[in-house]
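Can you make the complete structure from the sequences, with help from the hints?
The opening residue of the sequence shown carries number 1 in UniProt numbering; numbering runs sequentially from there.
Hints are computed from structural coordinates only; laboratory data are not their basis. There could be a bad hint or two in this list.
[What the hints assert, rightly or not] Below are the SDA-like pairs computed for lysine to any residue, each with C-alpha atoms no more than 20 Å apart in a straight line:
1. K53 <-> R72
2. K53 <-> R76
3. K53 <-> A68
4. K94 <-> A36
5. K53 <-> A74
6. K83 <-> K94
7. K83 <-> A54
[Stated by the list, open to error] Beta-carbon label-pair distances, calculated as ranges:
8. R79 <-> D31: 34 to 40 Å
9. L57 <-> R17: 54 to 60 Å
10. Y33 <-> R9: 33 to 39 Å
11. A86 <-> E41: 19 to 25 Å
12. E32 <-> R12: 27 to 33 Å
13. D63 <-> N103: 51 to 57 Å
14. G3 <-> V38: 49 to 55 Å
15. A52 <-> R17: 35 to 41 Å
16. A45 <-> M90: 20 to 26 Å
17. D25 <-> R76: 43 to 49 Å
18. A97 <-> N6: 44 to 50 Å
19. R49 <-> D25: 34 to 40 Å
20. F7 <-> V40: 48 to 54 Å
All figures in this text were calculated on a predicted structure; none of them were measured in a lab. Note that CB positions come from ideal geometry on N, CA and C, so glycine has one too.
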Amino acid sequence: MGGSTNFLRDTRRDILRAVREQSLDRSRAMDEYVEALVGVESLRAQAERAAAKADVLRRAARDAGNSASELRSAERIVREQWKGIAAQDMDAEKSAAAAEDQNMDAAEPSDNDGDYLPAEDASPTDGSGQQ
Numbered sequence: 001m002g003g004s005t006n007f008l009r010d011t012r013r014d015i016l017r018a019v020r021e022q023s024l025d026r027s028r029a030m031d032e033y034v035e036a037l038v039g040v041e042s043l044r045a046q047a048e049r050a051a052a053k054a055d056v057l058r059r060a061a062r063d064a065g066n067s068a069s070e071l072r073s074a075e076r077i078v079r080e081q082w083k084g085i086a087a088q089d090m091d092a093e094k095s096a097a098a099a100e101d102q103n104m105d106a107a108e109p110s111d112n113d114g115d116y117l118p119a120e121d122a123s124p125t126d127g128s129g130q131q
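What follows is the structure in structure tokens.
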């Protein structure tokens with residue numbers, strides 16, 4: 001009878017632990033999502049301020065004697081340069097994501113990790129699956 005009581009207690013504990021971990025995973029995912037949204041909104045606000053400042057400075061450059069053609073040429077050069085930088089950044093991000101995926105694949109637990117072993121059958125292993 002004592003073994004049965006231990007089995008039930010251990011089973012209940014394992015189930016509750018799994019439920020709590022599931023809740024934590026959901027909570028962490030929501031936290032990360034909210035953090036990303038806050039980051040996006042912050043960047044949008046910064047972009048709007050930068051665009052407004054660029055408009056003011058464009059007018060000042062025009063008033064200082066720069067032609068509209070010169071201003072457009074400068075804008076085109078900046079856009080072309082920026083496209084190259086953005087493409088490099090995207091390639092670097094893809095490479096980093098691929099490396100992270102490979103690391104995650106290598107670190108995934110085996111099929112037996114987390115399986116419940118009754119107390120009488122549980123014994124430490126060296127990770128090879130052999131007891």
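Verification of the supplied hints:
no., hint, result
1, K53 <-> R72, "17 Å, holds"
2, K53 <-> R76, "18 Å, holds"
3, K53 <-> A68, "18 Å, holds"
4, K94 <-> A36, "18 Å, holds"
5, K53 <-> A74, "16 Å, holds"
6, K83 <-> K94, "16 Å, holds"
7, K83 <-> A54, "19 Å, holds"
8, R79 <-> D31: 34 to 40 Å, "36 Å, holds"
9, L57 <-> R17: 54 to 60 Å, "59 Å, holds"
10, Y33 <-> R9: 33 to 39 Å, "37 Å, holds"
11, A86 <-> E41: 19 to 25 Å, "21 Å, holds"
12, E32 <-> R12: 27 to 33 Å, "31 Å, holds"
13, D63 <-> N103: 51 to 57 Å, "55 Å, holds"
14, G3 <-> V38: 49 to 55 Å, "52 Å, holds"
15, A52 <-> R17: 35 to 41 Å, "53 Å, violated"
16, A45 <-> M90: 20 to 26 Å, "23 Å, holds"
17, D25 <-> R76: 43 to 49 Å, "48 Å, holds"
18, A97 <-> N6: 44 to 50 Å, "45 Å, holds"
19, R49 <-> D25: 34 to 40 Å, "37 Å, holds"
20, F7 <-> V40: 48 to 54 Å, "50 Å, holds"
Hint compliance for this structure: hint 15 alone is broken.
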